[in-house]
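Undergrad: Here is what each chain is made of, one letter per residue.
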Amino acid sequence: MKNSFRNGFHVLQPGFGPAAPAKTASDEVYPNAAHSYIAKEVAAKTFQDVNLCYQCGKCSAGCPVRDYMADSPNKVVRFVQLGLEQAALNSTTPWLCAGCLTCSTRCPNDFNLAKFMDAVREISIEKGVKTKEKEISSFHEAFLRQVRLFGRSYEAGLVADYKLNTLRLLQDVDSAPGMILKGKLSVLPHKVKDRKTIKNIFGKTTHKKKRNG
Amino acid sequence: MADAGLTYGYFPGCSQKGSAREYEMSLLKVAGKLGIDLKEIDDWSCCGATSAHATNHRLANALAMRNMLLAEQQGLETLVAPCAACFNRLITTKAECRNHPESKKDVEELLSASVSNTTSILNVIDLFDKASNGLIGSGRVRDMKGLKAACYYGCLLVRPPELIDTDDSEQPDSMERIVKATGADVVEWNYRTECCGAAHSISRRDIVVDLSKRIIDDALMHGANVIIVACPMCHTNLDMRQRVMRRMYPSHKEIPVLYLTELIGLSLGFTESELGIDLHYIRFNMPNEIMNQTAQA
Amino acid sequence: MDELRRFARELLLKKEVAAVIGYEQVGEARTRPVVITDPDECRRLVLNEYCLNNLVVYLNRARIKALARSKEGIRKLAVVAKPCDIRSIVALIQENQIRRENLMILSMNCHGVVRDFGCEFNGDNLAAKCISCNTQSSTYADKSFGEVREIPKFTGKLEYDLSEIEQLPPSKRMEFFREQFDKCIKCYACRAVCPLCYCQRCITDKTIPRWIESSSHSRGNFAWNIVRALHLSGRCTGCGECERACPMDIPLSLLNRKMAMKSKELFGYESGKSTDNPTLVGSYDQKDSDELFM
Amino acid sequence: MDNKEKHIENGWEPKIVAFVCNWCTYAGADLAGTSRLKYPANMKIIRVMCSGAVDPVFILKAFERGADGVLVSGCHPNDCHYNAGNFHARRRWDLFHALLDFAGIEKERLQFSWISASEGKKFADVVTKITNDIKMIGPFKGYQEMNRQFTTEFPEQEKEKLVQQCTEAEAVNG
Amino acid sequence: MKIGVFICHCGENISRTVDCPRVAETCEKIPGVEFSIDYKYMCSDPGQKLIKDAVEIHKLDAIVVGSCSPNMHERTFRSAAVAAGINPFLVEIANLREHCSWVHEDVESATQKAIELVRMAVEKVKRDKPLSKIKVPVTKRVLVIGGGIAGIQAALDVANAGYDVVLVEKEPSIGGHMSQLSETFPTLDCSQCILTPRMVEVNQHPRIKLLTYSEVEKIEGFIGNFKATIRKKARHINEDICSGCGQCVSKCPIKKKAFSSFEEGLAYRPAVYIPFPQAVPNIPVIDESVCTYYRNGKCGMCVKACDRQAIDFDQKDTMMVADVGAVIVATGYKLYSIGKQPLGSKYKGYGEYGYGKYKDVIDGLQFERIASASGPTSGEIKRPSDGKEPKKIVFIQCVGSRDPAKGISYCSKICCMYTAKQAMLFRHKVHDGEAYVFYMDIRAGGKMYEEFVRRAIEEDHVNYIRGRVSRIYEENGKYIVKGEDTIAGVPVNIDADMVVLASAMIPHDNAPGLAQKVGIPYDKYGFYNESHPKLKPVESTTAGVFLAGACNAPRDIPESVAMASAAASKAIILFSSDSLEREPVVARVNEDLCAGCFYCRKVCPFGAVEVRDIKDMNGVVYKEVAYINQGVCQGCGTCTATCLSKSIELAGFNNEEIFAEIAAL
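Chains as they are written, first to last, in the numbering used here: chain S, 372 to 584; chain H, 95 to 391; chain V, 148 to 441; chain R, 67 to 240; chain Z, 3 to 667.
None of these hints come from the bench; they were simulated from the model.
Beta carbons: idealized from backbone N, C-alpha and C, even for Gly.
Please note that a few of the clues may not be correct.
So the derived list for chain Z, only partly shown, Cβ under 10 Å to chain R, looks like this [unchecked claim]:
#1 N284
#2 H433
#3 G435
#4 E436
#5 P523
#6 E583
#7 V587
#8 V605
#9 V634
#10 C638
#11 A643
#12 L652
Okay, the calculated bits of chain Z under chain H, using three or more residues with CB under 8 Å as the criterion [unchecked claim]:
#13 339–353
#14 474–481
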């Protein structure tokens with residue numbers, strides 16, 4: 372461990388928590404965390420400064436999916452506050468966030484944590500970081516593929532696409548026939564007429580992924 | 095009976111055409127009876143749902159705004175978005191474009207059109223609580239007494255508080271008001287605004303089953319015999335996932351889950367199949383008192 | 148009319164009032180103000196569509212005030228006032244200029260007056276202030292005379308339309324008013340006939356410092372007319388005497404009317420409504436509009 | 067070329083007068099100074115005790131003296147050092163502004179603000195804003211035309227000469 | 003008139019952007035300017051001497067100094083002028099630093115502006131008139147508003163210095179919140195034991211006039227000469243006769259209709275009641291809203307019970323006027339309302355904590371009552387819902403405070419300490435109980451404070467958990483507290499028997515209303531503003547009005563007491579001389595020109611305008627004119643601008659002077 376006194380400031384040595392991989396985290400130490408890439412990028416995407424969070428933990432306390440997370444939500448915020456980019460992007464917490472807004476609703480300092488999680492997730496996609504929560508990311512990809520194709524979500528197509536991509540062929544296999552019978556899973560997609568606009572939107576917004584991993 | 099001429103734009107959302115077919119059926123039935131004209135936006139598209147905003151916020155903004163733009167172009171000043179998630183996407187995008195001109199500019203470029211961003215958005219509760227206050231009571235033909243309803247708001251109906259000015263985000267009571275108007279009793283319970291896992295329904299079924307089970311158990315513990323929801327995702331998770339719960343927890347006690355519109359529909363005298371209640375996985379059995387009433391009528 | 152004469156005579160005979168201020172007929176279609184102290188002279192009083200003047204202005208004249216300070220101890224004056232003129236009385240009472248108890252208000256139930264002397268009384272010649280009159284009689288008066296009749300429907304045309312001027316772009320409006328004000332010869336007739344212009348020394352007559360340039364050129368004219376309208380805003384009761392008195396036919400009441408509208412719009416205030424109301428200037432509401440302020 | 071550039075190209079700089087109250091805005095202006103905030107040099111401040119003490123005629127006088135814009139500023143409502151001076155002022159300005167507006171004077175010429183002693187930043191912002199506003203709409207032609215009736219009779223050099231004479235006369239007379 | 007112009011460089015502060023020599027040169031040409039010079043530091047001794055010498059040599063009548071803001075050195079230059087024999091009001095300051103050199107960068111335009119600023123000052127000084135200071139007498143009596151510990155302390159200090167005090171308290175008894183507390187931190191001595199002697203002393207002090215159940219209606223006047231109107235609310239008990247025996251209280255048939263506010267709603271009180279046993283004065287009060295007599299004219303049990311006939315149902319509110327020279331405002335605080343609030347409220351409540359919905363979720367003051375030996379449970383810790391002893395209590399800090407989302411961003415300062423105290427008291431009283439404290443930070447700055455908190459943790463084993471609680475809900479008679487230990491990074495759910503919310507101190511709802519009556523400013527929460535945050539912490543911005551205690555900001559007892567003593571000494575300093583000198587900036591009416599419309603009277607915020615009759619030869623009033631009381635006028639000038647005939651002039655800022663400034667533009 373290197374304890375450095377740079378510019379007269381004691382520089383934090385991160386390495387805490389099981390989910391912050393020790394190797395990556397200790398490598399990236401920002402003397403001035405507020406100017407780190409990740410903090411700036413998050414601020415630009417969410418229109419809020421990450422230092423609004425004063426780490427009270429009310430978000431984690433109320434998070435419905437907290438039990439499934441290795442890093443508590445406020446810890447991910449802390450990673451970004453410290454500029455620990457790899458730790459933040461490798462955490463599965465943003466992917467597990469259900470976007471229920473409980474944290475944003477209760478945050479005493481009006482920090483919109485759900486939005487923050489969206490931003491971290493988005494940055495990790497931009498940077499091509501592959502999350503361990505593969506099912507979740509595959510689902511989102513499959514969903515958006517449907518929308519891109521048809522303008523609307525096409526549930527049967529979505530399920531098929533998702534299953535092919537995750538190889539979870541047997542899950543919910545029992546529900547589908549029932550759904551089809553009840554007319555809930557239509558066999559043909561509803562298509563939007565003006566698919567040009569939809570395609571255009573997707574074309575202009577899709578992240579240029581660096582697929583090198 | 096109703097003031098005729100209440101016309102709103104209608105943004106169904108994808109689920110309404112598929113897994114939540116009965117939600118649309120019941121909504122349109124009830125609205126028609128109450129004299130509310132819901133005009134479906136022509137050529138609407140997906141709001142982007144969780145997947146868009148979770149991975150690409152520009153895409154999310156553009157997809158949601160496209161529908162509001164269509165509404166503008168089609169002269170619809172107010173949009174009803176029955177799905178809580180769609181509702182949330184629309185109000186969030188609207189607020190972001192209002193508060194951040196750069197976002198608005200971006201969206202306008204993506205859509206190649208200028209947006210006035212003045213469309214007002216209503217969810218189902220707003221529609222029945224605010225827009226047509228008192229209509230349900232006067233048109234009621236069936237007293238839903240005997241139902242002990244646990245009103246489940248889920249996460250997105252009353253959040254975020256800065257964009258919801260019609261109800262409290264922590265202790266909401268607007269759905270209870272409507273449910274009481276149908277004659278049903280409401281139970282006081284703890285999980286009214288807890289999340290069911292929402293979009294993880296397919297990808298992390300384990301989480302969703304856990305969360306939904308907790309919600310259902312709490313409702314049962316507080317004496318509910320039906321859960322009322324106003325969101326297709328909540329419905330899927332609470333209704334369909336009970337099959338899994340039954341398999342995982344043999345002691346699981348089932349509870350029917352109704353859409354708010356279905357409950358209103360029943361009190362307005364529609365039959366269960368008209369409202370699509372028979373499409374649910376957990377069968378809803380009307381309590382005897384209500385059945386008898388119907389027989390008399 | 149006879150009733151008024153009898154009543155006024157009684158008042159003077161019983162020494163209830165020191166004088167009666169009223170109208171007398173001069174010629175076919177013209178009246179003029181008259182101050183009567185002799186009971187027998189009361190036969191000169193008239194009430195008709197030609198009673199144009201707002202006699203309230205005389206209540207503040209030093210010589211007339213002096214009548215009510217005579218050694219005989221009579222403190223009261225009687226004044227003949229149209230219901231609309233009574234609003235000026237209310238305004239003066241609010242501003243501590245006269246006291247109700249020192250005043251006997253003889254009112255007439257009015258059905259409109261002509262726009263100027265010499266005209267025939269009909270819809271074409273109705274005075275502008277009577278067009279949308281809603282005070283044909285007054286409950287504030289001590290006694291009212293005559294009966295209420297319908298005001299003829301206005302069929303003439305107004306020279307200047309307020310709403311049209313409001314529509315003009317600012318530069319055009321300024322041009323319009325400058326043109327109008329440039330006609331001003333600073334005769335101050337408008338001031339002399341105004342019941343609310345009672346200052347001992349008008350702001351325009353003050354020389355150290357010189358508040359308003361008194362020679363009649365554009366700048367002084369503009370300042371004078373603006374300041375006149377400002378000092379009357381929230382106070383003017385719309386009797387229109389200034390405009391009638393103006394020898395240069397400047398549409399003075401345009402400004403007054405606009406300010407009355409604004410007072411109502413911004414503060415819900417109408418002047419001369421009730422002596423119980425606080426005056427517009429001199430009171431405030433914490434909830435007054437903050438729109439102007441950055 | 068927009069208006070602003072056009073006016074500036076002519077080498078014209080607006081003349082702006084501010085009537086500010088002693089307790090809040092004057093102190094706010096001081097704070098802008100102590101904080102070394104920068105704003106255009108077009109505005110000159112006339113200090114009065116309270117925004118309630120500003121007579122509308124002052125503003126007309128300022129226009130007569132060639133001001134292109136006027137700012138009146140005082141304490142925020144409820145913060146008046148004299149409790150209610152600014153409330154009376156607010157009513158007065160609501161009326162006066164409506165009157166000037168009706169008489170055709172552009173709204174930007176006469177502006178109002180509440181600036182507290184702690185709002186140095188706001189003071190600088192307001193000065194910048196009003197200066198920009200006036201630059202945008204240009205010199206106050208309407209009033210200058212009225213003024214010209216005087217000034218044309220006195221060409222600049224003549225005027226200076228006259229001042230010189232007066233000074234000398236004063237010096238002689240003591 | 004000969005005018006001297008003195009341009010200060012202020013080191014380089016002015017001369018960096020303003021060409022000072024050029025300003026001085028140009029200004030010399032202004033008609034009337036006799037002498038003009040620039041100098042490095044005009045405020046320094048040599049600078050002032052330069053002014054004095056110039057006055058003498060050039061026989062100057064008035065001076066203009068181009069320097070820093072008048073708020074900085076106007077006084078300096080005025081005294082320099084006085085030393086040189088010039089009236090101090092013939093000095094004008096052109097603000098070349100704050101309004102010019104510091105805010106502009108371009109030398110040319112800044113210099114030009116500086117010249118114009120000096121010219122304006124020259125034109126004004128030409129019209130300035132010599133003025134002399136006004137002397138006003140001082141009424142040596144203090145009005146103390148609020149009878150909590152701060153008000154009590156201030157009243158006693160002033161009274162003991164030998165001056166009269168009027169102490170006004172809106173509740174039926176003095177004592178304030180301190181009388182509700184169980185024990186005090188960090189010494190754990192009993193609150194009432196230390197407070198009640200003080201309360202009695204107030205009651206018996208010959209120099210203190212105690213007005214309880216009274217409220218200040220309005221305050222007029224100015225420093226040294228305030229006139230306070232006080233409404234004494236009807237107690238319906240004749241205070242002179244009542245002996246405080248309490249017979250009426252015990253006979254009152256209304257038992258369960260009204261909650262005791264002293265017991266924070268945890269107990270009932272009768273319609274006729276004494277708020278608490280040690281109340282001062284020990285006289286009951288009848289609550290009209292629940293008393294049977296006021297509802298149907300019957301009952302009168304209390305009348306029968308009182309053998310001194312002290313009950314007076316017909317008693318009305320009375321108004322009284324007190325002339326005072328100084329006012330000490332010590333109105334204290336209330337607790338943040340933590341329950342669910344109506345939509346659109348200024349402060350949003352904590353719906354997630356269920357206060358108001360769950361009986362055993364209580365606030366800090368309620369716990370004080372439960373822990374107090376004189377409280378509803380006689381000091382035994384019991385749950386309000388079922389009276390059972392709670393074994394597990396969760397304390398939550400920062401409820402309402404440090405929560406901008408709910409409306410308050412400040413730290414309420416005392417909650418860390420009182421929570422530690424309460425947790426400690428609980429552990430002392432319930433030995434097998436467990437106490438949990440959810441905190442964000444522990445702020446225990448103060449003598450023996452940190453040690454106190456450590457003691458709670460180390461000796462009394464209170465479990466401190468760092469994290470904010472997200473939600474509380476009831477399940478099977480337990481309160482599930484959902485939290486997160488942010489240090490360990492693990493979720494913490496506690497099934498508590500009772501939850502105590504350390505809610506924030508906020509000002510009373512009517513704090514702004516009282517501030518407007520007294521004429522003092524307040525911040526966005528309603529806390530009263532001090533004149534200077536460091537150097538004038540107990541003065542309000544209104545001369546003669548001082549602040550004490552939690553009406554200014556959240557404060558604990560020692561701070562409130564210290565502040566009260568400071569405020570008292572400020573009042574005593576004021577009374578050390580018999581008259582005050584005042585700036586002569588006052589308005590005067592020209593009686594000849596006054597038309598007597600009295601708009602000035604309507605707009606005057608101080609009631610300084612009086613009516614004066616002008617009579618004719620016969621002695622008959624022919625005109626009423628305005629007259630301005632020089633002692634009352636504060637010199638705002640609102641009347642001068644309102645006067646239609648321009649018959650009022652404000653000395654020092656008269657119209658001629660301002661016109662001259664405008665003309666100099």
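Undergrad: Hints first: check each against the structure and report whether it holds.
TA: Cross-check of the supplied hints:
Taking 10 Å as the C-beta contact cut-off toward chain R, the hint placing N284/Z at the interface is violated, the least distance being around 39 Å. At about 53 Å, the closest approach between the beta carbon of H433/Z and any beta carbon in chain R exceeds 10 Å, and the interface hint on this residue is violated. Hint on G435/Z is violated. Least Cβ distance to chain R is approximately 48 Å, over the 10 Å limit. Given the 10 Å rule on beta carbons, the hint for E436/Z is violated: about 47 Å separates it from the nearest Cβ of chain R.
Taken as an interface hint, P523/Z checks out: its beta carbon lies about 5 Å from the nearest beta carbon of chain R, inside 10 Å. Violation of the interface hint for E583/Z is found here, the shortest Cβ-Cβ separation to chain R being roughly 18 Å, above the 10 Å cut-off. The beta carbon of V587/Z is positioned within 10 Å of a beta carbon in chain R (closest approach about 7 Å), and the interface hint is therefore held. The beta carbon of V605/Z comes within 5 Å of a beta carbon in chain R, closer than 10 Å, and the hint placing it at the interface holds.
Annotation: interface hint on V634/Z violated; nearest CB of chain R at approximately 12 Å, more than 10 Å. The beta carbon of C638/Z comes within 4 Å of a beta carbon in chain R, closer than 10 Å, and the hint placing it at the interface holds. For the restraint placing A643/Z at the interface with chain R, the shortest Cβ-Cβ distance is roughly 4 Å, inside the 10 Å limit, so the hint holds. Interface hint at L652/Z: satisfied, since its Cβ lies 7 Å from the closest Cβ of chain R, which is below the 10 Å cut-off.
With 6 residues having a Cβ less than 8 Å from any Cβ of chain H, the stretch 339–353 of chain Z passes the three-residue criterion, so the hint holds. For the stretch 474–481 of chain Z, the stated coverage by chain H is satisfied: 3 residues place a CB nearer than 8 Å to a CB of that chain, which reaches the threshold of 3.
Against the hints set out earlier in the document, violations occur for numbers 1, 2, 3, 4, 6 and 9.
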